[in-house]
Amino acid sequence: MRISVAVDGVTYSDDVEPRTLLVQYLREGLGKVGTLVGCDTTSCGACTVHLNGLSVKSCTILAVQADGCEVTTIEGMANDGQLHPVQQAFHENHALQCGFCTPGMIMQAASLLNENPDPSDREIREGLEGNLCRCTGYQNIVKAVRQAAGTIQ
Amino acid sequence: MTITEESPETTLEVGRARLRKEDQRLLTGRTRFTDNLSVPGMLYLGMVRSPIAHAKITSIDVAEAKASPGVIAVFTGADLADDVGPMPCGWPLSPEDKVPDYYPVAREEVNFAGEIVAVVVARSAAAARDATELVDVDYEDEQVVLDLEAAAAGSPYVHPDWETNVSTHWVFDSAEAGTGGDVKDEIDKARQDGIVLQRTFRQQRLIPAFMEPRSFLVDPTGDQIVFWSSTQVPHFLRVFTAIATSTPEHKIRVIAPDVGGGFGGKLEVTPEEFITFAVAKKLGKPVKYTETRSESLQGAHHGRDQVQRLTLAATKEGKVTALHVDLLANMGAYMGLVGPAIPILGAYMYNAIYKFAAYRFEVKNILTNMVRTDAYRGAGRPEATFAIERLMDDLAVELDMDPLELRAKNWITAEEFPFTTVAGFEYDSGNYEAATARAKELFDYDGLRAEQAERRARKDPVQLGIGISTYTEQCGLAPSRILGRLNYIAGGWEHAEVRMLPLGTVEVVVGTSPHGQGHETAWSQIVADKLGVAFEDVEVLHGDTQVAQRGLDTYGSRSLVVGATAVLKAADKVIEKAKPIAAHMLEASEDDLEFRGGHFWVKGTDTGKSLAEIAFAALQAHAWPEGIEPNLDSSASFDPDVYSYPHGTHLAAIEVDTETGAVAIRSYVAVDDIGKVVNPMIVEGQVHGGLTQGIAQALFEEAVYDENGTLVTGSFVDYLVPSAADTVDYVTDRTESPAVSNELGAKGVGEAGTIASTPAIVNGILDALRPFGVTDIEMPCTPMRVWKAIRGAEDSETPSEAQPHFDAEGGQA
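Residue numbers (my numbering), protein chains in the order written: chain Z, 1 to 153; chain V, 1 to 813.
Bear in mind the hints are in silico, worked out from the structure with no lab data behind them. Some clues are possibly wrong.
Simulated DEER-style distance windows between Cβ atoms [what the hints assert, rightly or not]:
hint, chain 1, residue 1, chain 2, residue 2, range
1, Z, Q82, V, D444, 40 to 48 Å
2, Z, G150, V, D444, 26 to 34 Å
3, V, E736, Z, G150, 27 to 35 Å
4, Z, T60, V, R123, 20 to 28 Å
5, V, S38, Z, G9, 18 to 26 Å
Glycine residues also receive a C-beta, built at the ideal position from the N, C-alpha and C atoms.
Sequences and hints are given; from them, build the entire structure.
Below is the structure:
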């Protein structure tokens, strides 16, 4: 099937197998390997991207469902070499260690702040519930999201 | 946080919370995890895995899979028999250990569900996976061995020819070793006029569950075969691949690019690695294999899984006199790289921070039809710490003493260091009083005890418990001589090279192989101080055997203690090497020079030369003293004489809803003494993550097999890695008694949180429920188990056995 998708500001038009997952299309079709795959049950959130501004787990969306949509991945978050406030806050608060959950975690955090610009710690924790991290124990991630909320406001 | 630029002369880097150099690429998606890498012409593997836990393979039909679109080849164990030998076990406990042959692709039998029986090679990952379902394997079922205690007792057997499931029986006895008294004598004495506690604790099976599934890519198209692997141990991988595939070692280059967590789970040499290498070599084509999460949970090694039978003897005054540990350790069907030794990494730690008169430890390593167990964060020491800290709490209850007072009665006092324990190891430094005092203060111990009494008195349905864990651990793997005595195949040294580049910047090449620990940042800080160069001017290189030729990789909280010490020694050699050149350049005697702030100065003058100037002069090599080679590059190895012993006091306030069994952590205070700290920000991160993994053992995680040996927690839906919503903020602080075993005075921090936190949580739950007569709850302490324990105690019934996880607790998260 032919699809047309704008990914990180560039429009692509490709033939894809109907069963192709969005994350496979991003990684294997477009070489956008910044978006990672950590599980096969929509549990870990490593593959989170924005689809028309809302966070989705790209392992659970078919590429054909993204036809005509705008997709933002972790690779499209920084602007002119300037980190997105969530990326900057993750750096400043040591909210990443191995970095494997980080792309998904940042995309989910940015989406959370779009929906709720001033979340409580509890709301941050619940907003990130679908993204697993094995390294940080989440404390610094929560701190980073809190700081990013302040910066964006 | 803002980084201020100050001259390295005025501000030491070590001790600063430097933001990480590693972050930029990880934050922006410019990552080099193995599955992100591609090589032209690359083929993909799919693994056919046995759904049966114990069977003979009677036939394999690969015809249909071979005919599937895009499939290049299908290989069975027989097809690869000449290409790859058995998996290595690097640490049998004695030459007499029973170590079963473990072929990367099974040949005649399968011994756990998930074992690989055939490999499909195809032009895409999807085509490979599709075709795996077309391979037709016939099995003849055999009796499945799952229960650890039954397996230890007798038939049926995993490997019937041996007529036993016991691989080894290993004993340490303080009377025999001459390090303490006789356990039997002390226990007999305590039966007369003291107290004897007997307990059985179960360390459930856990899964390391690193976030990056394992991925391997092998490119055999050059003169060297390049092997990218998501491994903690690239140097081990190179050696063992050479042996198993009969490939000359110098023809293999192993690269561990970005690696997404390990926690011991990637301290392995795996069947999947050998298969990928062997197939690539056989076909002469680049080959990649990336496991699914379900394959990872099923086929990568697990951790823990022990039954601990414990006897503790004490006087009525609360002085512990003897500890007898009788352990059964579930190895699974085969031996992992260091699997058999995991229990003995804890063997010398059951006596923990205490002064016991007598100690005996024995372990039987048992074979079952499950995936192998091996290193998982803490490896042996969490089990030991859990056992002794639970026992100390139980003893305090028996004696009606405050559990911290009881501990203080038994621990090594600050004045007694260095102290040789009943297990025969010398603890170099520590101060349990200081860590405990600080933790009590931060925790408001007395206030919470008062609140606990008040809530007990008014029968509050939500009861408060205080969980205590005063742990220590043995870190800095390891003195090679000790490893040799313990029958380990490798040493424990580490290696580093410091290269002074002509324009004054520095390359540091290390044999440790980080996968999230921030070594690039921490090592830069250390070298910046040592050589007087800027933090930004240091580049740390690692994880590629072509660059870092020598090393023993990253695990066991060893990288800073052992690896960074090698870095410092190499940097010292750079300075020594520069000295005669500086003397030549400054036309001064070497004796008149001093090295300070990155310069050699003529003493008492402002005449000097920077290392950069000396390095450039070395490049030119125009005017040159005799007998000196024209560069400053230096390398050094370091083998520690002793282990290091981090310790700490962790206190957890636990609220248990007695009506629902729900457990909530109200506060958690961790005060750790890890010696000198290089980067407090990174240290805190290690502690947070470690605590969370230990708490997950107490509350959430368990690998469960059904009665047929099928892993039912085979996805992240069922294996409960905690999320942000399940965890809390921790209060962390440190006390400091520097290690004497290394120049930095560092002790290691990677495993501390995991070792300490599990008993703190379970002790807290039990402390809340003591008035209900609850004395034990098996981990993980799910609401169902807690609720049943309360009800069981109320009904004066023994709490039921471990519930079949799925039937009883399917809905609980």
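Hints, verified against the model:
Between Q82 (chain Z) and D444 (chain V) the C-beta distance comes to about 44 Å, which sits within the given range of 40 to 48 Å. The hinted window of 26 to 34 Å between G150 (chain Z) and D444 (chain V) holds, with their beta carbons roughly 30 Å apart. Checked against the hint of 27 to 35 Å, the pair E736 (chain V) and G150 (chain Z) passes, with Cβ atoms roughly 33 Å apart. For the hinted restraint 20 to 28 Å between T60 (chain Z) and R123 (chain V), the CB-CB distance of approximately 26 Å keeps it satisfied.
The hint said 18 to 26 Å for the Cβ distance between S38 (chain V) and G9 (chain Z), and at roughly 23 Å that hint holds.
Comparing the model with each numbered hint stated earlier shows that all of them hold.
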